[in-house]
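A.B. asks: Sequence:
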Amino acid sequence: MSGFISPDIQLRAFNCPHCNVLTSQHWSNVLITGTTEDKPPFFLSGDPENHKFFWEGLKDPDGMRNYVENLVTGYPFTDPEDKNSYGRTLHNANVSRCYNCKAFSLWVHERVVWPAVALDISPNPDLPDHIALDFKEAAKIVQLSPRGAAALLRLAIQKLCKYLGEPGKNINTDVGALVEKGLDRRIQQALDIVRVVGNNAVHPGQIDLEDNRSTAFQLFKLVNLISEKMISEPKHVEAMFNSLPEPARLAIEKRDNG
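For the sequence shown, this note's numbering puts the final residue at 408, and the numbers step up evenly by one.
Bear in mind the hints are in silico, worked out from the structure with no lab data behind them. Keep in mind the model is a prediction, meaning the values are calculated, not measured. Hints are not guaranteed to be accurate.
Think about it this way: if two alpha-carbon atoms lie no more than 20 Å apart in a straight line, the pair counts; the simulated EDC-like pairs of lysine to aspartate or glutamate are [unchecked claim]:
| id | residue 1 | residue 2 |
| --- | --- | --- |
| 1 | 312 | 360 |
| 2 | 309 | 342 |
| 3 | 331 | 342 |
| 4 | 319 | 330 |
| 5 | 312 | 342 |
| 6 | 312 | 396 |
Please put together the full structure from these sequences, using the hints given.
C.D. replies: Okay, structure coming up:
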């Protein structure tokens, strides 16, 4: 994924779904009759109760509560009273326009619905086949179901921990043990942020209503980072060592064995 930034509703620049160039994107609202506003769109996801601060303290909270509940469904909708001389806002629907090719992309909630997005996501070649299978399946569904993709990737991390010699029952414990074996502690911290380890960890394979495309793409990167550090790097070092002349290898082994 080096150099590739997947289309993301929270960004002002990414690889265009049409021309694939990494460039600025201009955002527009969608009205029944049309208007434009060049800024990243506003959207909500997850449990409406997590956003209840929108209506707390209001004398008449029902209207705002209903608005938030509609937003988190991800489906386009309009407010009966939300009408001006230009038309009516279609919430959860937005348009981005590429600075390079000038083509428009249509979004519903947080995903591109047109054109089809070609994703530059592939597993580390050294990832075991049974884990790479989960990775590839997650890549196939991430546009339509980022929550499902994230659940698969958390399961892949659990399987990866087990492949690396850990029990595979508690990711918190497993990742901590991998850090002791050389895994960068910052990867552990990143896993904590995407709710893989830590007190708020989501059980592997479980759908988390808080997950979105950004979370899923972070998990893709983390699976590859863990496998790169714990599988690929030792493999490359061993290949370099084995390529040394035999006298040099024997001298190194003698030194290391005391």
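A.B. asks: It remains to establish, for every hint, whether it holds in the given structure.
C.D. replies: Hints, one by one, checked against the model:
A C-alpha spacing of about 26 Å is found between residue 312 and residue 360, which places the hinted pair above 20 Å, so the restraint is violated. Using a Cα cut-off of 20 Å, the hinted pair residue 309 and residue 342 holds, with the two alpha carbons roughly 17 Å apart. Proximity of residue 331 to residue 342 is assessed by CA-CA distance (about 18 Å); at most 20 Å being required, the pair is judged to hold. At roughly 18 Å between alpha-carbon atoms, residue 319 and residue 330 fall within 20 Å of each other, so this suggested pair holds.
Only pairs whose Cα atoms come within 20 Å are accepted, and residue 312 paired with residue 342 is accepted, the gap being roughly 19 Å. Among the hinted pairs, residue 312 with residue 396 is inconsistent with the structure: their alpha-carbon atoms are about 34 Å apart, more than 20 Å.
Figure legend: structure checked against the earlier numbered hints; hints not met, in rising order: 1, 6.
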